[in-house]
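*Asks:* Chain residues, written in single-letter form:
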Amino acid sequence: MAETVETQVHPVAARLAAWDSAAISGTETFRGELTVTVPREQLTRVAGFLRHDPELEFDFLSDLTATDHFPAEPRFAVIYHMLSIRHRHVLNLRTWTEGANPSVASATSIWPTANWHEREVFDLFGIRFEGHPDLTRLLLPLDWEGHPLRKDYPTEGPR
Amino acid sequence: MAMTIDTPAGAGEAMVLNMGPQHPATHGVLRVAVQLDGETVIQAKPDIGYLHTGIEKSCEAKTYSQAITLTDRMDYLSPLSNNLGYCLAVEKLLGLQVPKRAQYIRVLLAELTRIASHLVWLGTHAIDLGAMSVFLYCFREREEIMKIFEMVAGQRMMTSYFRIGGLALEPPAGWLDRVAAFLESFPARLVEYETLLTENRIWKMRTIGVGVISPEDAVAWGVSGPTLRASGIPYDVRKYFPYSSYEEFSFEVPTRKESDCYARYLLRLEEIRQSLSIVKQAMGKVPAEGPIHADAPGIVPPQREKMKTEMEALIYHFKIYTEGFSPPPGQVYQRVESPRGEMGCYVVSDGTPKPFRVKFRTPTFVNLQALPLLCTGSLVADVVACIGTLDIVLGEIDR
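So the protein sequences, as listed, match chains A and B.
So that you can map any letter, position 28 of the first sequence is 28 in the numbering used here, and since no number is skipped, the others follow by simple counting.
So that you can map any letter, position 270 of the second sequence is 429 in the numbering used here, and since no number is skipped, the others follow by simple counting.
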């Protein structure tokens, strides 16, 4: 995306790179916000490090959501917005998953608050979160068909 | 909507009771399935979605400016805080600088919103717990704030007053006198409410030691706002990540250690006092004249007179209202401190005039998730106190 700054290293990005640069597939800064992209397989490991490393300590998961890039592949991005209460820094963490049978690992064991956020994403995007304790629809009726926030779902509804 | 509750082993003769979805104590349409052993709550499961209107999907079909009206309708008790979060996010996406005068007016109105919202909370929470008269007083004072909003924006509730790049209109002459009159009369009335509740024996019995959540749990479950600060964590977005010139105001972030309903009550009263102080400071800072829009011709609609007399302004006017404007591709996450906690707004642009994705991180969506932690093991009557103390607004939970 625009304004990718690779030369000026963000302290959080530097700490992550020093820990395991292979676990990260990209960093970008836009309007002063750092977004770190990780491969799907590394998500739990990286999230666990971000949560527990004493220098980072991202203990507050503000938000977890997804975007649909239909018809591009990989189709879905799952994005985590977090902050550290002690260190007062923020980070956006992102991972990608493909359109056929989309799934990422659940973050509920690292941040319990991810529970409802993941259910909402499952409900509205149809992305499965492996290891989630109760992955059911949250906002829509349980017998609803389709996932409204997908780009191929019409704005005016199914009928 | 079907929802199953598993009976834990050794629960005895447990019964499942549905609270809501149509019940005044649920502050909207919330259903809580409570499993009871006698009068003790074994499990509580909130069930949401009754007010889901697909606001995020609708945003994708509107231009950036049109989507502002939808933000009012999420948290209908603090529309200006939502407007602010969304506008700041889009302004960040565009890299816009809003003039100081507009920033101070935004702060002033956002703090009045906080007072109005806390007043509704106090009134409804008190009525939930049986104190009828507080409700009437709180709504009397809130009406004064509503009149200020009506004066400034032309609307009492769905104000949509903050626009991308500034404000919708120049505030009318004499509006600050009205704010000053409110500041004059209000502190004494706040004391009145306190004499009704703070030392009231019934009130204390219903709230002290009820709905306790530990600071560790509160952070882990993403609880924010007064509920988090009543557990001793001083996280307030206005101090942590200042926006709209909040760094120029001096105010305290009250915290308490008790983490119960009574602590949250005292904390919100203290927040009202801090907000009054911010409003007073903002009144001193707002210049009598000056621009209220960013200097961005393709984004901020031109003044009516310019539109009628200048060719270029007419072209911009036409383009803004037919097509909108296109921010550069990118994504931003903007936090603001709404009366209920961290209101986050995640906006993704793909370079077209309509947002690619808008996500609202609404504070009470997350806070409500912690309801089972607050009320498991307590009496069924305390569930009402716990729901009230979280200050939920179902409009923003379901979106």
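Rather than coming from a laboratory, the hints here were simulated on the basis of the structure.
One or more of the hints may lead you astray.
Label-pair restraints from in silico Cβ distances [stated by the list, open to error]:
id : chain 1 : residue 1 : chain 2 : residue 2 : range
1  : A       : ARG45     : B       : THR481    : 45 to 55 Å
2  : A       : GLU73     : B       : GLY457    : 33 to 43 Å
3  : A       : ARG45     : B       : LEU342    : 47 to 57 Å
4  : B       : GLY449    : A       : VAL9      : 47 to 57 Å
5  : B       : PRO401    : A       : ARG86     : 43 to 53 Å
6  : A       : GLY131    : B       : ARG432    : 37 to 47 Å
7  : A       : GLU73     : B       : GLN314    : 20 to 30 Å
8  : B       : ARG432    : A       : VAL9      : 38 to 48 Å
9  : B       : PRO346    : A       : ASP152    : 49 to 59 Å
If you're wondering where the values come from, they're calculated on a predicted model, not measured in any experiment.
The beta carbon of each residue, even a glycine, is placed where N, CA and C say it ideally should be.
*Asks:* If a hint holds in the structure, say so; if it does not, say that too.
*Replies:* Evaluated hints:
1. One distance hint, 45 to 55 Å for the beta-carbon pair A:ARG45 and B:THR481, holds here, with the actual separation near 49 Å.
2. As the Cβ distance of A:GLU73 to B:GLY457 is approximately 34 Å, the hint placing it in 33 to 43 Å holds.
3. At about 54 Å, the CB distance of A:ARG45 to B:LEU342 agrees with the hint of 47 to 57 Å.
4. At roughly 40 Å, the beta carbons of B:GLY449 and A:VAL9 sit outside the given window of 47 to 57 Å.
5. Checked against the hint of 43 to 53 Å, the C-beta distance between B:PRO401 and A:ARG86 comes to roughly 18 Å, which is inconsistent with it.
6. Between A:GLY131 and B:ARG432 the beta carbons are some 45 Å apart, a value that agrees with the proposed interval 37 to 47 Å.
7. Look at A:GLU73 against B:GLN314: about 45 Å separates their beta carbons, and that is not inside 20 to 30 Å.
8. For B:ARG432 paired with A:VAL9, a C-beta distance near 43 Å keeps the hint of 38 to 48 Å intact.
9. For B:PRO346 paired with A:ASP152, a C-beta distance near 56 Å keeps the hint of 49 to 59 Å intact.
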